[in-house]
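Please put together the full structure from these sequences, using the hints given.
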Amino acid sequence: MKNEQIAASFDELADLLEVQGANPFRIRAYRNASRTIESLTDSLESMLESETDLTELQGIGKDLAGKIKELVETGTLEKLEELKSEVPPGVLDIMRLPGVGPKKAALLFKELNITGLPELKAAAEAGEIQKLKGFGKKTEESILSNIDQAAQAKEREFYATAEPLVEEIVDALSELSSTKQVSPAGSFRRRKETVGDLDILVTSDDAEQVMDALASHELVQEVLQRGDTKQRVRLIKGLEMDLRVVPEESYGAAMQYFTGSKEHNIVMRKRAQKRDLELNEYGLFSGKKSIAGKTEEEIYQALDLAWIPPELREDRGEFELAEKDQLPELITLEDIRGDLHMHTTATDGTASIQEMIEAAKERGRKYMAITDHSKRVTMANGLDADRLRDHWRDIRKVAEKIKGIHVLCGIECDILEDASLDLPDEVLEEADWVIAVLHYGLKQDKAQIHKRLMTAIKNPHVDIIGHPTGRLIGKRPGAEMDISEILKAAADHEVMMEINAHPSRLDLNSLHAAAAKELGIPIVISTDAHSTGGMDVMRYGVFQARRAGLSAKDVANCRTWAQFKKLLK
DNA sequence: GCCGTTTTCGGCCCGACTGTTTTCAGTCG
Numbered sequence: 000m001k002n003e004q005i006a007a008s009f010d011e012l013a014d015l016l017e018v019q020g021a022n023p024f025r026i027r028a029y030r031n032a033s034r035t036i037e038s039l040t041d042s043l044e045s046m047l048e049s050e051t052d053l054t055e056l057q058g059i060g061k062d063l064a065g066k067i068k069e070l071v072e073t074g075t076l077e078k079l080e081e082l083k084s085e086v087p088p089g090v091l092d093i094m095r096l097p098g099v100g101p102k103k104a105a106l107l108f109k110e111l112n113i114t115g116l117p118e119l120k121a122a123a124e125a126g127e128i129q130k131l132k133g134f135g136k137k138t139e140e141s142i143l144s145n146i147d148q149a150a151q152a153k154e155r156e157f158y159a160t161a162e163p164l165v166e167e168i169v170d171a172l173s174e175l176s177s178t179k180q181v182s183p184a185g186s187f188r189r190r191k192e193t194v195g196d197l198d199i200l201v202t203s204d205d206a207e208q209v210m211d212a213l214a215s216h217e218l219v220q221e222v223l224q225r226g227d228t229k230q231r232v233r234l235i236k237g238l239e240m241d242l243r244v245v246p247e248e249s250y251g252a253a254m255q256y257f258t259g260s261k262e263h264n265i266v267m268r269k270r271a272q273k274r275d276l277e278l279n280e281y282g283l284f285s286g287k288k289s290i291a292g293k294t295e296e297e298i299y300q301a302l303d304l305a306w307i308p309p310e311l312r313e314d315r316g317e318f319e320l321a322e323k324d325q326l327p328e329l330i331t332l333e334d335i336r337g338d339l340h341m342h343t344t345a346t347d348g349t350a351s352i353q354e355m356i357e358a359a360k361e362r363g364r365k366y367m368a369i370t371d372h373s374k375r376v377t378m379a380n381g382l383d384a385d386r387l388r389d390h391w392r393d394i395r396k397v398a399e400k401i402k403g404i405h406v407l408c409g410i411e412c413d414i415l416e417d418a419s420l421d422l423p424d425e426v427l428e429e430a431d432w433v434i435a436v437l438h439y440g441l442k443q444d445k446a447q448i449h450k451r452l453m454t455a456i457k458n459p460h461v462d463i464i465g466h467p468t469g470r471l472i473g474k475r476p477g478a479e480m481d482i483s484e485i486l487k488a489a490a491d492h493e494v495m496m497e498i499n500a501h502p503s504r505l506d507l508n509s510l511h512a513a514a515a516k517e518l519g520i521p522i523v524i525s526t527d528a529h530s531t532g533g534m535d536v537m538r539y540g541v542f543q544a545r546r547a548g549l550s551a552k553d554v555a556n557c558r559t560w561a562q563f564k565k566l567l568k
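Numbering (numbering that gives the first Met the number 0), first residue to last: 0 to 568.
Wrong hints could be hidden among the right ones.
Using C-beta positions, here's what the derived DEER-type ranges look like [to be verified]:
no., residue 1, residue 2, range
1, Asp-303, Leu-518, 27 to 37 angstroms
2, Arg-225, Thr-73, 43 to 53 angstroms
3, Pro-23, Asp-417, 47 to 57 angstroms
4, Lys-109, Asp-491, 57 to 67 angstroms
5, Ser-38, Val-169, 27 to 37 angstroms
6, Glu-328, Glu-429, 35 to 45 angstroms
7, Lys-236, Leu-518, 33 to 43 angstroms
8, Pro-97, Pro-23, 13 to 23 angstroms
9, Asp-424, Gly-403, 31 to 41 angstroms
10, Thr-73, Glu-221, 18 to 28 angstroms
11, Asp-52, Arg-225, 48 to 58 angstroms
12, Thr-54, Lys-109, 28 to 38 angstroms
13, Ala-305, Lys-132, 48 to 58 angstroms
Straight-line distance between alpha carbons at most 20 angstroms, and here's what the computed EDC-like set of lysine to aspartate or glutamate pairs gives [unchecked claim]:
no., residue 1, residue 2
14, Lys-400, Glu-333
15, Lys-102, Glu-140
16, Lys-457, Glu-429
17, Lys-287, Glu-297
Source of the hints: derived by calculation from the structure; they are not laboratory data. No experiment lies behind these values; they were computed from the predicted model shown. All C-beta atoms, glycine included, are put in the ideal place defined by N, C-alpha and C.
Shown next as structure tokens:
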């Protein structure tokens with residue numbers, strides 16, 4: 000059983016306990032454990048095999064260690080099955096409606112025997128809901144207006160999808176006469192792969208003006224809530240945005256608070272408590288006296304911490320580093336010197352060799368690799384040995400005429416389902432740069448996936464593994480593998496690892512990339528561009544690298560050409 | 001259900017907004 004499934008079981012257990020009105024701290028314990036499990040790089044299955052003591056893990060005690068064992072060994076959890084028989088699964092769907100939480104969902108179930116969204120809709124239409132204690136006309140209306148959308152299950156959007164919307168709104172609010180500071184906060188500021196809600200913080204002496212401006216912005220479809228300091232709106236694409244107007248002296252505290260993550264903030268508040276202080280979104284207080292609040296820096300400083308970049312605020316070791324002032328200097332887009340994964344019209348790209356080289360040059364790259372598909376990818380018109388050699392000849396011819404950029408003749412070579420490579424060794428040997436990738440058979444069992452990746456890692460001509468897990472965010476999970484074993488092998492055989500910068504891939508993820516860094520594996524951030532414009536996704540790969548705590552020195556394509564050349568096989 | 005430099009019990013982060021109440025519970029972030 001995969002870690003994600005175990006984590007999901009604990010989350011479901013927590014949801015069900017919530018409906019039953021169980022001890023909130025017990026519920027939190029399950030959620031904390033789920034989070035711990037999600038951030039593991041080793042599989043619990045293999046940890047159990049090697050008899051690792053699971054209670055060593057944060058938030059896992061004797062009981063939960065036992066439940067993990069039960070899940071791994073039997074594939075089910077007795078406690079979870081028991082709760083599921085008591086609370087119909089549809090009740091959890093109801094709980095996810097805005098404005099309906101565990102208490103209301105439980106009441107609907109108990110009083111009206113409502114067990115799912117369809118029954119709820121019928122009851123609301125019949126006017127049954129507003130008669131319940133604690134419910135009213137407005138709640139009933141809200142349920143009716145949200146239920147269809149909820150039935151379609153609200154999805155998170157890629158960071159890259161939200162980015163232009165956020166930027167446009169920040170710009171519009173910045174132009175108002177009353178606003179002084181305007182900034183996104185929340186998971187967007189932390190540069191998460193996907194974002195659910197968007198948060199914007201503003202300092203202004205005229206909150207009305209700011210809220211009116213947002214309400215009438217062309218990207219806003221509907222105002223969902225409006226108070227004195229907070230407004231919630233729905234943007235196009237279904238994204239929801241919270242605007243908060245805060246006083247100038249609290250701006251730093253509000254930024255800190257609303258940037259999160261929740262887990263990071265809990266540690267911050269506990270730290271404040273230990274020093275007999277109180278931290279909230281208005282500032283850091285000693286009794287009623289404000290000690291800090293205007294900037295984030297002064298808040299972190301008052302708690303004996305260096306300022307922590309938003310990308311690292313996940314309570315995954317950043318506090319330890321900030322205490323010792325050993326936070327990494329995170330990589331920036333300006334550090335990038337090369338782009339080593341891209342396609343041309345030879346396979347499924349839309350631009351010619353010349354256009355791609357010129358586009359890379361325009362973006363300031365000093366070196367690049369053209370890496371079209373190998374023959375297995377028939378859909379993309381993948382290259383066999385003969386066509387590939389012709390293609391390389393063409394690349395060299397064009398590259399000769401363009402000065403100021405080094406062009407590598409590369410290949411994105413498929414690792415086939417039978418654990419062989421799609422091109423023979425003597426062809427790979429001629430390549431300047433070989434990316435080995437899994438495209439097909441991602442659902443094969445763990446052992447076969449492992450065998451395939453090991454074939455590539457052990458091949459003397461393979462420079463790097465591209466989009467190592469093959470996941471597509473929100474669409475399909477990656478191939479099943481023990482990533483720490485794969486990374487160890489890559490380190491042993493001096494094979495690099497890619498962070499594919501495409502917003503739907505971002506593969507390696509930040510945890511995997513951090514693990515790769517620990518092993519000293521050079522990481523390459525690549526755009527996988529299929530057009531000249533496709534090279535602009537580099538920034539998202541850099542954000543991913545930042546969330547992994549990577550510095551320029553950890554990323555191979557930040558090196559100068561002379562330095563990078565030495566890494567080639 | 002977890003955890004411990006006030007340790008094996010008694011805590012566990014905190015405020016705004018809404019809708020329902022008429023002083024507050026539930027929900028949300």
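Evaluated hints:
Our hint of 27 to 37 angstroms for Asp-303 and Leu-518 holds, since their Cβ atoms are close to 31 angstroms apart. A C-beta distance of roughly 51 angstroms is found between Arg-225 and Thr-73, which places it inside the suggested range of 43 to 53 angstroms. Separated by about 52 angstroms at the C-beta atoms, Pro-23 and Asp-417 satisfy the suggested range of 47 to 57 angstroms. Restraint check, Lys-109 to Asp-491: a C-beta distance of roughly 59 angstroms satisfies the suggested window 57 to 67 angstroms.
A C-beta distance of roughly 30 angstroms is found between Ser-38 and Val-169, which places it inside the suggested range of 27 to 37 angstroms. Between Glu-328 and Glu-429 the C-beta distance comes to about 39 angstroms, which sits within the given range of 35 to 45 angstroms. For Lys-236 and Leu-518, the Cβ-Cβ distance of about 39 angstroms falls inside the hinted range of 33 to 43 angstroms, so the restraint holds. Taking the beta carbon of each, Pro-97 and Pro-23 are about 21 angstroms apart, inside 13 to 23 angstroms as hinted.
For Asp-424 paired with Gly-403, a C-beta distance near 33 angstroms keeps the hint of 31 to 41 angstroms intact. Taken as a hint, the range 18 to 28 angstroms is violated for the pair Thr-73 and Glu-221, whose Cβ atoms sit roughly 47 angstroms apart. Evaluation of the 48 to 58 angstroms hint for Asp-52 and Arg-225 yields a pass: the beta carbon distance comes to about 52 angstroms. The hint said 28 to 38 angstroms for the Cβ distance between Thr-54 and Lys-109, and at roughly 37 angstroms that hint holds.
Between Ala-305 and Lys-132 the CB atoms are about 51 angstroms apart, so this pair conforms to the stated range of 48 to 58 angstroms. At most 20 angstroms may separate the alpha-carbon atoms for a hinted pair to count; Lys-400 and Glu-333 exceed this at roughly 26 angstroms. For the suggested pair Lys-102 and Glu-140, the alpha carbons sit about 18 angstroms apart, so the restraint of at most 20 angstroms is met. Restraint check: the Cα-Cα separation between Lys-457 and Glu-429 comes to about 17 angstroms, which is no more than 20 angstroms; the hinted pair holds.
Between Lys-287 and Glu-297, the direct Cα distance comes to roughly 18 angstroms. Compliance with the 20 angstroms bound is thereby established for this hinted pair.
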